[in-house]
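S.K.: Model the full structure from these sequences, guided by the hints.
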Amino acid sequence: MRRFEGKVVLVTGAGSGLGRATAHRLVAEGAAVVVNDLTRDRAEATAVELDGEAHAIGADVADRSAVDAMFAEAIDRYGRVDGVANVAGIPFGAEGELERFADTIDAIAAEMAAGRPPSTRWDFFVNISDESFERMLRVHLFGTFYSTRAAARLMMEEGAGAIVNCASGAAVTGFPASAHYAAAKAGILGLTRAAATELGAWGVRVNAVAPGAMDTPMLAAAPPAFVAAGTAQTPLGRMADPGEVAAVVAFLLSDDASYMTGQTVEPNGGMHM
Amino acid sequence: MTSTGSGRLEGRIALVTGAGSGIGEAIARRFAAEGATVVANDLTIERARRTIESLADGSPAGHPVAADVADADAVREMFAEVRDAYGRLDVLVNNAGIGEGSPEELEYVNRTAETLAGDMAAGRPPSVAFDFTRRVTDASFQRMIGVHLGGCFHCTREALDLMIPRRGGSIVNISSAGGLSGQPVFTHYSAAKAGMLGFTRAVAAEGGPYGIRVNAIAPGAIDTPLGAKLSRSFVLALIANAPIGRLGTPGELAATALYLASDESSFVTGQTLGVNGGVLM
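Chains as they are written, first to last, in the working numbering: chain D, -4 to 268; chain R, 7 to 287.
Honestly, I wouldn't trust all of these hints.
[Said to hold, decoys possible] Where chain R lies over chain D, by a calculated footprint (3+ residues, C-beta under 8 angstroms): (1) 192 to 203; (2) 227 to 237; (3) 248 to 256.
[What the hints assert, rightly or not] Sample of chain R residues facing chain D (criterion: CB under 7 angstroms; computed from the structure): (4) 12; (5) 265; (6) 274; (7) 277.
These aren't lab readings, by the way, just hints derived from the structure by calculation.
Beta carbons: idealized from backbone N, C-alpha and C, even for Gly.
M.R.: Here it is in structure tokens:
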């Protein structure tokens, strides 16, 4: 399948996980890929793996001028951007959050293993700091805004283009220890839908994916009991390989999805329906 | 970013109901072009055969079957034929559907839509409002539920009989934007299509451990023979509400059905994909 022959697609957060898998998938289908990550080294690490045309750019998506410069560099190099996958994200906002998360999960798991109904109570939300909340929104929501806006400006001139924003299952249902992450990801869904209503008439489609549990570095850091519980609630009974989610991103970027805009596709193994 | 004929369903046996025209016909043709052996169902064997005869050169030979999906016995016989011919089924697309419950209902909707459009064009407040539901007969309601929801159930039940022992398969149910959101007409159709979405999710939960995925597509306004029966004012109102600003094509629906039928969507189950030009988000 070579749906992206002659196309240029920019992928943010492509140094690892879903972004990296998306870059691999797009190159395998013939795209030239602009590989973004926070630093040029991280982007380059993926770019050198790719068996095809790729160009690494280091940029913090939370930095508007860095994002605008990144798109300018993509245009300088390729003259066009046909697709954008906004994947860049961070798992936890602040020092100590992962530890607090793991401690609570472990305490709940220990009680359940002992056959007791869990009496452990969460205190994650009330301990989210201002800085953590802001950082979470800056990377995910502001980052997606800056990148989508820059992409839309180019694509409206071309009269064509497709943008896919990466949300999360946390954006469509509730999980503990994720209020800042969920708020940012749910914001991405609102942005996606509103942008889609305007950009449709310009020939530009904007859609989102809301993945469930994915076997990436982000979840590798999560407590095993949390991942095990999530898998148990998933009808397909496993986590996604990042390539399976990248396949969804590729579908939405391709002309196979030419009548889809403003939609959220959830590759989550049935965890949320 | 186009794709045709990449062998995405190579070696698969796929049954498509309502494959004689419109979306079902487009799905059958696309699946065959992607390497599937297509079993095309429609109400009559002539309609099913016409689609099979139109499959692209180089496609695997197809197989026409006739059955009213609302008839459980007819569906059992159809699946017996599939079992005899192939011994298995990899993909089921529950597409068979009917648009209007009766000619009277269609006439009423078109007449009222024209009146409303005339009011709007003249800058008048609406002089009429739809009162569709109280016009729906028992027979019309039962037929609507019987074909869409009953048909989906009958075919899915038989398909699971073939899929569960083989621990795999993909079922795609063609629902409707009308199953997700309200229009003041065809309320029995909306009920049937919403029922299909509930059924999709529940069977997805059941099928997951067997490696069977079940998803739905909720199309918006698609350019089909069914849609052609609606008045121009009604269709224009649908297009005006879609950010993409045009009707969808059966081929675009088929591309989504292909995606859900294929391994490309291997972690997608219990989901509803809106292929609607943005009319519903």
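S.K.: Where does the structure disagree with the numbered hints, that is, which hint numbers, in rising order?
M.R.: none
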